[in-house]
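Taken in order, these protein sequences are the chains called A and B. Going by this note's numbering, the first sequence opens with residue 187, and the numbers climb by one from there. Going by this note's numbering, the second sequence opens with residue 57, and the numbers climb by one from there.
These aren't lab readings, by the way, just hints derived from the structure by calculation. Where a beta carbon is used, it is the ideal one built from N, C-alpha and C, also for glycine. Take the hints with a grain of salt, since some may be wrong.
[To be verified] Label-pair distances were calculated between CB atoms; the ranges are:
(1) B:R316 - A:I235: 34 to 42 Å
(2) A:G443 - B:S114: 37 to 45 Å
(3) A:A287 - B:S224: 50 to 58 Å
(4) B:P242 - A:A396: 39 to 47 Å
(5) B:N191 - A:L239: 17 to 25 Å
(6) A:L391 - B:L194: 49 to 57 Å
(7) B:V241 - A:Y340: 51 to 59 Å
(8) A:N356 - B:K106: 29 to 37 Å
(9) B:P60 - A:V291: 32 to 40 Å
(10) A:L239 - B:V138: 15 to 23 Å
(11) A:V291 - B:K106: 37 to 45 Å
(12) A:L391 - B:V85: 41 to 49 Å
(13) A:L239 - B:R317: 30 to 38 Å
(14) A:A395 - B:K106: 54 to 62 Å
Here's the letter readout for the chains.
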Amino acid sequence: MPLIGAQPSETGLGLGVQRRRRAGRIGRRTGGQVFTLALILPAVLYFLIWVFLPGGYGLYLSMTDASLISSPQFVGLQNYQQLLHSDEWWQTLWRTFEYAAEVVVPTLLISLVMARLVTRCRRGRAVLMTIYFLPYVVPGVVAALVFELIFQRYGLVNSALHLSLAWLTNPSIAMYAISIATIWSMIGYYVIILMAGYQQIPGELIEAAAIDGARMLQLIRYVELPALRPTLLFCTISSTAAVMTNFGTPYVMTDGGPSNATLTLPLLIYNEAFKYSSAGLGEAMAMVLLLISLLLALFQVRVLFKGR
Amino acid sequence: MYKPIVLIFRYGLAALLAVLLLVPLVWAVSGSLHTNSGLFSSPYQWIPHKPQFKNYSSAWNAISFGRELVNSFVVGFIIAVVGVALGQMAGYALAKRRFLGRDVIFWSIVATLMIPFPSIMVGVFIIAKDMGITNSYLGLIVPGLLTGQIIFFMRQYLQGVPDELLESGRIDGASEWQIYFRIVVPLSWPVMVSMGILTFVGSWNNLLWPLIVVQTQSLYTVPLGLTQFSSQYFTNYTAVLAMSVVAIIPVIILFLVARRRLLDSIMVSGGALKG
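Next comes chain A alone, as it looks inside the complex (with noise of 0.2 Å):
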């Protein structure tokens, strides 16, 4: 027969016990209300003092002449009537637009097949695995500055295909340069989230295909395509994300160069606010790449929740 006091939870506890539980239940309930606060407080102070207080200050100083050093006049909606009338403006928003395009098809479209060929080759999967991952844990600047080298006049690129193109000076194709060290960098993280897709899809369905005799190309396209949908739509808008607001890869390989053939949206906010020190600006571009960034962040809740 066990201790009372040692199994409280058993029945016939005395009239004492229970009063003396009840009070202390009572203690605990104020006492948790301290713990809870002692664990969330510090989390929700950093929110608001490091990402919407600057998010809120942010859209003040949009409509301010600040530049950093002096004190900020109001100037309503200036700086964003400047950007509605700048062309350098709209070329980079374009030119952001077009690095996202030229980043994520490719990046989907080969991490699709490396996600693929990961879940159908049973043996050394893992050694795939990791080296598929590999290069998303490279630092950025490193993997800019390597793709830098390799795509010199005379760098590893141009002996290799026999070319002599200058890939980082030539306008016409230095986004290409810094897209492909972009794929390179990201591709790693898709993969594995693709993988993760391709294994929640059944096998039986897989199986039954195979029996009704189709075929791979049938198999991926009636099969495995309309299973993975979600999990491809996801990957689309978050790349689509992370590349337009991707910095270092542009900043390190060209800094926005040759001629602005490289500028995008972060580098000219960066620019803007930092070099020309004119914040105010700067901000009112930073709060356009917010309303992009948002708007996309709502595409995707829509796409996650839809159907649930």
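Since the structure of chain A is provided, determine the placement of chain B on it from the hints.
Frame of chain A, contents of chain B only:
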């Protein structure tokens, strides 16, 4: 069941893609042992005739690269430890505690995942400046301490912990703090470690914020130091490559050590997000 030709094609393609992905890394290692002219010889010699190990020592001495490595380690370590601790606490509160405004807080934190840093960086810089922490270790560390990702993951994971487990602790008369430290923290440990590694790698690889917040060279982190060095001495290609190789080593070691856990948590995140 499968014809051998299918298998050969499949493994051949898989291997080809793997080799293509590895080329830039192998080239970086091989190039870091070349002379500057050997780097651009055609056809390229993958194994240099005379490996120039002095590239490493001369690059190391050219700038205070050792100092940068230490800076990156310290900053990354503190961000990983503090960030994961705070994130785990918040994740536990959001998963298992009932309190006013819990859903608002949770969704606000999820919303921060959608806010790209370049869109708020000017504001972050101004707040750091008003606090007087720009151009300091605090400035490098504090604004990047926590991410919504850590909290999201921790909440997701801790929601799977059965309530009965925590309840049994309460019945045994343990205080909430004791339950937290004796049950919740040990349970969270594996996820905390993989989150910590991901956070460290993220900090180690971060260029934009150090670029904005730091001016003094003694505060440079590795990516910032590499960028500045290459923009000044870009023609010293092999030194740039040697330092790049050194900068990769820590993250590759961390990745290989925790490979399984990291890949699993990424796969789970994709699955969890997708539902």
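Exercise. For this structure, which hints from the list above don't hold up?
Worked result: 2
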